[in-house]
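Protein chains in written order, with our numbering: chain Y, 2 to 495; chain G, 154 to 281.
Calculated directly from the structure, the hints in this document are not laboratory data.
One should not assume that every hint holds.
Quick partial rundown of chain G residues pointing at chain Y, CB under 10 Å, derived from the structure [claimed, not checked]:
1. H166
2. F173
3. K174
4. Q208
5. L254
6. V256
7. P260
8. F261
9. P263
Capping the alpha-carbon separation at 27 Å, the derived lysine-lysine pairs in DSS-like fashion look like this [as the list claims (entries may be wrong)]:
10. G:K176 with Y:K280
11. Y:K287 with Y:K405
12. Y:K262 with Y:K340
13. Y:K398 with Y:K483
14. Y:K363 with Y:K340
15. G:K238 with Y:K262
16. Y:K280 with Y:K398
17. Y:K262 with Y:K363
18. Y:K266 with Y:K363
19. Y:K366 with Y:K398
20. Y:K280 with Y:K266
21. Y:K366 with Y:K287
22. G:K238 with Y:K287
23. G:K176 with Y:K287
24. G:K238 with Y:K266
25. Y:K363 with G:K238
26. Y:K366 with Y:K280
27. Y:K483 with Y:K405
Have a look at the derived ranges for each label pair, beta carbon to beta carbon [stated by the list, open to error]:
28. G:E223 with Y:R210: 38 to 44 Å
29. G:I165 with Y:P373: 41 to 47 Å
30. G:N252 with Y:K363: 41 to 47 Å
31. G:N252 with Y:L478: 34 to 40 Å
32. Y:G188 with G:A219: 41 to 47 Å
33. Y:G479 with G:L251: 33 to 39 Å
34. G:E223 with Y:G479: 29 to 35 Å
35. Y:R256 with G:D246: 41 to 47 Å
36. G:E229 with Y:D152: 54 to 60 Å
All C-beta atoms in this analysis are idealised placements derived from N, C-alpha and C, irrespective of residue type, glycine included.
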Amino acid sequence: MKSFCGCTFTAVFAFVLASASAVAWFVHLFVTPLTWSLGVGAFVAAMGAAIAAAVLSADRTRPVRDAFGRYLNELSQSDSHTFCDPSETPMPRQLERSSWREVADELRRMLTEMGNRVRELETTRSAQEIRSRRALDETERLRSILANLGDPVLVVNGYDEVSLANPAAESLFSFHLEGAEQRALAGLVRCQQLVDLLLTTNHRETSGRRTDEIEIHDDAGNVHWYRATACRLPLFREGKSAQETGGQGTVVVLRDVDREKTLQKRNAEFVSSVSHEMKTPLAGIKAYVELLADGDADDEETQEEFLNVIDTQADRLQRLVENLLNLARIEAGVVSVNKNHRSLNEILEEASQVVQPAAEAKSIKLCVELSPLYLGVYADRDMLLQSAINLLSNAVKYTQEGGKVTLRSRAVDDMIVYEVEDTGVGLSEEDSQRVFEKFYRVKKDKDMAQGTGLGLPLAKHIVEDVHGGTLSLESKLGVGSKFTAAFPTAGTMS
Amino acid sequence: MGKRVLLCDDEIHILRAAEFKLKRAGYEVRVASDGEEGWELIQQEMPDLVVTDCQMPRLDGLGLIARAREHETTRELPFFMLTAKGLELSHADLAERLNVLGVISKPFSPRDLLRSIDEVLQPAAASG
């Protein structure tokens, strides 16, 4: 009995030691959850040793002791999931009948609790790992988007320092943020207008975006226009004050609006030119109508002269409006194009007949040298005719009396070509480059003939945009000009 | 002898209408088709007043006025501008910088042009 009591004491002492080691292991388990099974194993082994010491002292308890040992051995080789389901490790029958059952039950209950806790921790850890991986992926994705964004992006912190700049921004302002000793906004960004926009946005009380159109000069001195949109960033570090995080900061995105600006300027110039060109004939009409109405024209001859001016200026206005409409329609692509297989020579013949009276009036010899071959073009007859009339009448207008205008056609390789050559006043290099611009008129030749400055641009649009050809010019000041229109062939035959 | 007015414009029909109206009112009128020609006429025979278009070949209206302001004899020469240009011309700038008396917009009334010139050259007749 005494011996049994001693053994019992030893067993209880060993049990306490085993429990303590288990607690130590499970504390360790929180730090490195992956080693939980080793902890359980150690605990079970220690527990087993304790209980074995107890049962060894009493031979009469040997069957129970053996069963308990086997049970502990079984538990030690199990994983945490087994503890949660008693059917996985059923208790031996010997234990169910003995006083050891309570110890085994308690042991089982503790292990089950710990197993459940381990499972909870595992689930939590997995969820955190997934969230963390997603956050990393998202950060990498955003970094990649920002790096590949064509629009420059800058972020300024609460201390007015550049805290982030994508490659487009670094390239625009010629700096490299990584490793930069000085990050002050005013030092890195050489555009006072943008610096002012960022500083104002960064230090104002209210949020909301501000947009400004800014002018940036590149290293070569060229001016580029950008639309800058700046807005304040929310505080993004949880639990940190604005001072600790460097304030809220501001992000600015720059959008290149050079093309938009050029178009705006070109439109303004176009409207101004149209308005000027319309006002001039209108001025004539209004002035002469008033002179007639006031009775200033006393004799019939003067009255007729004034009426002729009104008539001429009204025609000029009408021509201008027609050319303008045709040009606008072709440019906008809203004109209905009726393309078909046509004979270029037939169209050119007709154009020469239209211009012939004007040439005769100036004693200009109009030579028509058309190819004897059938030159097939896939074209809109009316438009092609218009382009040829425009080139021919331009040649007649700017050729002095007694000069010569030649109209030719021929097949060159796989192209069909027609040329209008004159012995007129010719163009300087600068005028040659600008003569296809809308409303451009050569200053020195303005007195030679009336014009809208739209005939040549219209011809170019018809040849190039509508028919996929090319219209080029060779000219020599004081010698003459040659306009060459070339089209893809639609067939030639003799 | 009537007062001398110089008209500069590259549109012949505009010159003709203005010339006709002014001559009937008794003015002696000279015409030029660009600024250079106008400047030559100014030097040959000093006019009492110049009416000039803005956009002209060789030398435009602004160039002509600027050149006149550089010379002692023409520094105070009265100028009117007759132009189809709209807001791109700053009337205040023309008055302040080039001492232009006024800008008459095309399409214009020959009657109003005559009245403006009368106010400068014959103030008594214009007010009477």
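Structure-based check of all given hints:
1. With its C-beta approaching chain Y no nearer than about 4 Å, H166 of chain G sits inside the 10 Å limit, and its interface hint holds.
2. The interface hint given for F173 of chain G is met, as the beta carbon of that residue sits about 6 Å from the closest beta carbon of chain Y, less than 10 Å.
3. At a threshold of 10 Å, the smallest CB-CB gap from K174 of chain G to chain Y is about 7 Å, leaving the interface hint in force.
4. Hint on Q208 of chain G holds. Least Cβ distance to chain Y is approximately 7 Å, under the 10 Å limit.
5. Contact between L254 of chain G and chain Y, as hinted, is not supported at the beta carbon level, the nearest pair being about 20 Å apart and thus beyond 10 Å.
6. The criterion of a C-beta within 10 Å of any C-beta in chain Y is not met by V256 of chain G, whose closest approach is roughly 13 Å, and the hint is violated.
7. Interface hint status for P260 of chain G: upheld, as the beta-carbon distance to the closest one in chain Y is roughly 4 Å, under 10 Å.
8. Restraint check, F261 of chain G versus chain Y: the minimum CB separation of about 6 Å is within 10 Å; hint holds.
9. For P263 of chain G, the interface hint holds, since its Cβ comes within 10 Å of a Cβ in chain Y; the closest pair sits about 5 Å apart.
10. With a C-alpha separation of about 24 Å, the suggested pairing of K176 of chain G with K280 of chain Y holds against the 27 Å cut-off.
11. Simply put, K287 of chain Y and K405 of chain Y have alpha-carbon atoms about 38 Å apart, too far for the 27 Å limit, and the pair is violated.
12. Proximity of K262 of chain Y to K340 of chain Y is assessed by CA-CA distance (about 36 Å); at most 27 Å being required, the pair is judged violated.
13. The hinted pair formed by K398 of chain Y and K483 of chain Y meets the criterion: a straight-line CA distance of about 14 Å does not exceed 27 Å.
14. A threshold of 27 Å between alpha carbons decides the hint, and for K363 of chain Y with K340 of chain Y the separation of about 35 Å lies outside it, so the pair is violated.
15. In summary, the hint linking K238 of chain G to K262 of chain Y is supported, as the alpha carbons are separated by about 22 Å, within the 27 Å threshold.
16. The straight-line distance between the Cα atoms of K280 of chain Y and K398 of chain Y is roughly 23 Å, inside the 27 Å bound, and the hint therefore holds.
17. For the suggested pair K262 of chain Y and K363 of chain Y, the alpha carbons sit about 45 Å apart, so the restraint of at most 27 Å is broken.
18. With a C-alpha separation of about 40 Å, the suggested pairing of K266 of chain Y with K363 of chain Y is violated against the 27 Å cut-off.
19. At most 27 Å may separate the alpha-carbon atoms for a hinted pair to count; K366 of chain Y and K398 of chain Y meet this at roughly 13 Å.
20. A hinted pair counts as satisfied when its Cα atoms are at most 27 Å apart, and K280 of chain Y with K266 of chain Y qualifies at roughly 21 Å.
21. Restraint check: the Cα-Cα separation between K366 of chain Y and K287 of chain Y comes to about 38 Å, which exceeds 27 Å; the hinted pair is violated.
22. A distance of roughly 17 Å separates the Cα atoms of K238 of chain G and K287 of chain Y; the hinted pair therefore holds under the 27 Å criterion.
23. For the hint linking K176 of chain G to K287 of chain Y, the alpha-carbon distance of about 19 Å falls within 27 Å, and the restraint holds.
24. Of the supplied pair hints, the one linking K238 of chain G and K266 of chain Y holds, its CA atoms being roughly 16 Å apart against a limit of 27 Å.
25. At most 27 Å may separate the alpha-carbon atoms for a hinted pair to count; K363 of chain Y and K238 of chain G exceed this at roughly 33 Å.
26. Annotation: proposed proximity of K366 of chain Y to K280 of chain Y is violated, straight-line Cα distance about 35 Å (limit 27 Å).
27. Distance restraint check for K483 of chain Y and K405 of chain Y: the Cα-Cα separation of roughly 12 Å lies within the 27 Å cut-off, and the hinted pair is therefore satisfied.
28. Between E223 of chain G and R210 of chain Y the beta carbons are some 51 Å apart, a value that contradicts the proposed interval 38 to 44 Å.
29. Between I165 of chain G and P373 of chain Y, the C-beta spacing of about 45 Å keeps the proposed range 41 to 47 Å intact.
30. The hinted range of 41 to 47 Å is satisfied by N252 of chain G and K363 of chain Y, whose Cβ atoms lie roughly 44 Å apart.
31. The hinted range of 34 to 40 Å is satisfied by N252 of chain G and L478 of chain Y, whose Cβ atoms lie roughly 38 Å apart.
32. Between G188 of chain Y and A219 of chain G the beta carbons are some 44 Å apart, a value that agrees with the proposed interval 41 to 47 Å.
33. Checked against the hint of 33 to 39 Å, the pair G479 of chain Y and L251 of chain G passes, with Cβ atoms roughly 36 Å apart.
34. The hinted range of 29 to 35 Å is satisfied by E223 of chain G and G479 of chain Y, whose Cβ atoms lie roughly 33 Å apart.
35. Look at R256 of chain Y against D246 of chain G: about 34 Å separates their beta carbons, and that is not inside 41 to 47 Å.
36. The supplied range of 54 to 60 Å is met by E229 of chain G and D152 of chain Y, whose beta-carbon atoms lie about 57 Å from each other.
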